[in-house]
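Participant: One letter stands for each residue in the lines below.
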Amino acid sequence: MSHGNMTINLKVWRQKNSRTAGNLETYEVKGVSEDMSFLEMFDVLNEQLVSEGKEPIAFDHDCREGICGMCSMYINGRPHGPLQGVTTCQLHMRSFKDGDTIVVEPWRATAFPVIKDLVVDRSAFDRIIASGGFVSVNTGNAQDGNSIPVPKNEADKAFSAAACIGCGACVAACKNASAMLFVSAKVSQLALLPQGQAERQDRALNMVAQMDTEGFGSCTNTGACAAECPKEISLENIARLNREYLGASLTK
Amino acid sequence: MSDKLISKTPEGPLSEKWTKYRSTVPLVNPANKRNLEIIVVGTGLAGASAAATLAEMGYAVKAFCFQDSPRRAHSIAAQGGINAAKNYQNDGDSTYRLFYDTIKGGDYRARESNVHRLAENSANIIDQCVAQGVPFARDYGGMLKNRSFGGTQVKRTFYAAGQTGQQLLLGAYSALERQVGLGNVKMYSRHEMLEVVMIDGKARGIIARNLVTGETERHFGHAVLLCTGGYGNVFYLSTNAMGSNVTAIWKAHRQGAFFGNPCFTQIHPTCIPVSGDHQSKLTLMSESLRNDGRIWVPKKKDDPRAANDIPEDERDYYLERRYPAFGNLVPRDIASRAAKERCDAGYGVGATKQAVYLDFRSNLINKYGRAEASKLGIENPTIEQLVALGKEVVKEEYGNLFDMYKQITGEDPYEVPMRIYPAVHYTMGGLWVDYNLMTTIPGLYALGEANFSDHGANRLGASALMQGLSDGYFVIPYTIGAYLSGEIKTKSIPTDHPAFVEAEKSVKDRINKLLSIKGTQSPESFHKRLGKIMWEKCGMARNEKGLKEAISEIQALKKEFWSDVRILGDADGFNPELDKAGRVADFIELGELMCVDALSRNESCGGHFREEYQEDGGEAKRDDENFMFVSAWEFKGESQWELNKEPLVYENIKIAQRNYK
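Residue numbers (my numbering), protein chains in the order written: chain A, 1 to 252; chain B, 1 to 661.
In short, the hints are calculated from the structure, not lab data.
The beta-carbon is built from N, C-alpha and C at its ideal position, and this holds for glycine as well.
It is possible that part of the hints are untrue.
[What the hints assert, rightly or not] Calculated lysine-lysine pairs in the BS3-like style (CA-CA distance at most 27 Å, straight line): (1) B/LYS645 to B/LYS545; (2) B/LYS518 to A/LYS54; (3) B/LYS299 to B/LYS353; (4) A/LYS157 to B/LYS86; (5) A/LYS152 to B/LYS86; (6) A/LYS54 to B/LYS558; (7) B/LYS580 to B/LYS528; (8) A/LYS30 to B/LYS580; (9) B/LYS513 to A/LYS16; (10) B/LYS661 to B/LYS155; (11) B/LYS508 to B/LYS558.
[As the list claims (entries may be wrong)] Here are some of the chain B residues that sit facing chain A, going by a computed Cβ distance under 8 Å: (12) HIS74; (13) ASP139; (14) MET143; (15) LEU170; (16) LYS281; (17) GLY573.
[What the hints assert, rightly or not] Covered stretches of chain B, going by a simulated chain A footprint (3 or more residues, C-beta under 8 Å): (18) 50 to 59; (19) 119 to 128; (20) 180 to 190; (21) 468 to 477.
Work out the full structure, taking the sequences as your base and the hints as a guide.
Facilitator: Set out below in structure tokens:
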């Protein structure tokens, strides 16, 4: 069993709810081991706070294996922290040094209002999917799976786009709080597959319209989204979305 | 046998039961469907697929999940694949073979009719998911690819790298969101179900707490579907998500729904070992890795050498040695016990000695590396060349899993073998349901991992996704007609009905009681202590003495919890500590029932291994004469349960000792 001997100083955003203002609070966490995940370090801090009679820090997390997309910490100015292609829950303390000061904030975007502390409301993403992120096929209508051959390259590209976990890091990373990478990943997945063709144009138009309605910003091609995406969703998807959108706008 | 335990299995030959039943089950006409409201709790594979499909059919659906989005349900984390009897590989697969493998894998403790239906539906699931745009792995001709999982000798597992659950769930989630957009489903995220509302003996709704505002809400439904997953987190450390809990089905159990086979727990053989006391969860390394990874320990006890320095003939590939026919692909319960046996005997590896090696090097070099080299026409390739070539193939098959392993342990599994150890992964037990998936409470259903039905005492790999989607897409949409066709005259019951008022009051009273204790210990600390008792005494091996001790320890823990838990914050807003406390309180009660169940089953079968009942070679010793039944427990009061038995009848399968040798 490893016993930790690192001491970490944290500055953490505390905010009671969406109606009150928040501020950064400072905490010291002792006995941190390098095998701990970043969230386990927060567990230790929260146990410490409970024992001191202070309310623990609220943060979103669930699967803790990098796939559910729930964890969402803005660590030292970067969504999900310093590593490439890694969610907060898969970030381990071996990426930090004894005595480090780490600043932890929630995702910041108008479309993601803070619920409490580090927890934000990302339901805007669900509404974008509801506006067109699907193939309209009712259960029971499917033909045999192998009756629709999909070239491997296309299937692989669709899969890479579909790997998006909907965490919102792209929005948090973007100076405009744009959701283009998220939207483009779903539009690309379905535009690349034969199953998605029937609704291809409507999908692009409707999802972009919903994205605008939710209050996400515009894309100015800085590429911060793809650089910070824990699933390394490619900027090519945004290019494809632009083509899809333009094509649909001209013909619809 | 309780008169409530009627399985309602249709008459007729096994292979015709479902087809015939599906064509004769009562229907609800489209005009009436609009007036029938269905509550779906949980939005994983079972819940999302059920909610979407029922809404497509015209029912008015309300769906609930505790996460911030239905897409986060823990089905998302399933890695390796989903089984289907397509026989695309032309290797002799069939509906019957999938049925047979599942019954045998479950150690003959599942209901034949349900399992056959599952196997029949399996092919339709793949078709449905492909139609939704789920990007399954394909070969260069554009056809779907398959791989092998444990307990089978065919390749019937469909997959999307190591993220199959994610892709399937996003497919079901898309279908669900489509219905939300069309106004057919009302979605309630960050809501937790805290009570089933009963009126005249039927389930008529739920009380849910809005986890953001803290308000309790009353929701009416003509029927209530619990699709809330498994309860592996009773062990504290498991591969489940942090939020996975038993609360919804436990509330239903306390209201009268029988709990089936609560002690049947799946310990998954290949997980990343515990690294320290801070550990909050365990991470699975997919069973699919056993296609290409070989499991071994050194032949010498406490061998201090690094894995790669131990020569081939000093390694004990114990699964290949003990089970030559299935080798590394024996079912999970067998692989887990074999790992525990080696570690207990002193052959474990790593700092804690509680681990075995899962080694890819030989297949990486000899299988993939050589195949690639021959494709490229490289003659006499060097080992380095073979490693580099093989690595590319392995990366495509399992890349995200290797990355995850490296991230968690700091070691590169392309270079050194993975260290793995068994961990709690899945619960075969759950609410008892009949053929229609209805619990012993009329109008209350359980789907997916939340029910007990299809996996017997051990689930085969890649079968959980299959069951969740079978229940949601292809079973409940038909079987719910049997009940709702009799409810078309029932008008929506206003939620000021005394039963709703009473149920909400009991929920609020409990929350207030929890907050008023103002003790000294956190909910988390109680959870850890419960998990330790469960793992040590009701885990991979169990015995009478330990189980009896566990029961009294859990009862004492329950008392301590209700007198000394400390929950900060209040009930009027977002308060994860309060949510957690409620879940831990339910886990404590469940833990006791699991031990009671394990104590009553004087045999070993599947994941339930009672040390008193084993063959000479350490294999599980089943007792078909006395225990070929489903244990269905009825809640009778605090720490009091009555055992009801549903006999299992095998008309189509010859019962035999499970043999994977």
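Participant: Now tell me, hint by hint, if it's right for this structure.
Facilitator: Status of each hint after checking the structure:
Using a Cα cut-off of 27 Å, the hinted pair B/LYS645 and B/LYS545 holds, with the two alpha carbons roughly 24 Å apart. Under the criterion of a C-alpha separation no larger than 27 Å, the hint pairing B/LYS518 with A/LYS54 is consistent with the structure, at around 13 Å. Only pairs whose Cα atoms come within 27 Å are accepted, and B/LYS299 paired with B/LYS353 is accepted, the gap being roughly 14 Å. In summary, the hint linking A/LYS157 to B/LYS86 is supported, as the alpha carbons are separated by about 25 Å, within the 27 Å threshold.
Between A/LYS152 and B/LYS86 the alpha-carbon distance is near 20 Å, which keeps this suggested pair within the 27 Å criterion. For the proposed pair A/LYS54 and B/LYS558, the alpha carbon gap of about 25 Å is at most 27 Å, so the pair holds. Restraint check: the Cα-Cα separation between B/LYS580 and B/LYS528 comes to about 12 Å, which is no more than 27 Å; the hinted pair holds. About 25 Å separates the Cα atoms of A/LYS30 and B/LYS580, which keeps this hinted pair within 27 Å; it holds.
For a cut-off of 27 Å, the pair hint linking B/LYS513 to A/LYS16 stands: about 23 Å separates their Cα positions. Of the pairs offered as hints, the one joining B/LYS661 and B/LYS155 holds, with about 19 Å between alpha carbons and a cut-off of 27 Å not exceeded. Distance restraint check for B/LYS508 and B/LYS558: the Cα-Cα separation of roughly 20 Å lies within the 27 Å cut-off, and the hinted pair is therefore satisfied. The beta carbon of B/HIS74 is positioned within 8 Å of a beta carbon in chain A (closest approach about 6 Å), and the interface hint is therefore held.
The beta carbon of B/ASP139 comes within 7 Å of a beta carbon in chain A, closer than 8 Å, and the hint placing it at the interface holds. The restraint placing B/MET143 at the interface with chain A holds, with a minimum CB-CB distance near 5 Å, inside the 8 Å limit. About 7 Å separates the beta-carbon of B/LEU170 from the nearest beta-carbon of chain A, less than 8 Å, and the hint is met. The restraint placing B/LYS281 at the interface with chain A holds, with a minimum CB-CB distance near 5 Å, inside the 8 Å limit.
Given the 8 Å rule on beta carbons, the hint for B/GLY573 holds: about 6 Å separates it from the nearest Cβ of chain A. Proximity of the region 50 to 59 of chain B to chain A, defined as three or more residues with a beta carbon under 8 Å from a beta carbon of that chain, is established by the 3 residues found. For the region 119 to 128 of chain B, the assignment as covered by chain A holds, since 4 residues bring a beta-carbon within under 8 Å of that chain's beta-carbons and 3 suffice. Chain A is given as covering the region 180 to 190 of chain B, and this holds because 4 residues of the stretch bring a CB closer than 8 Å to a CB of that chain, at least three being needed.
Remark: the region 468 to 477 of chain B is confirmed as covered by chain A, as 3 of its residues place a Cβ nearer than 8 Å to a Cβ of that chain, reaching the required three.
In the structure shown, no violation is registered for any of the earlier numbered hints.
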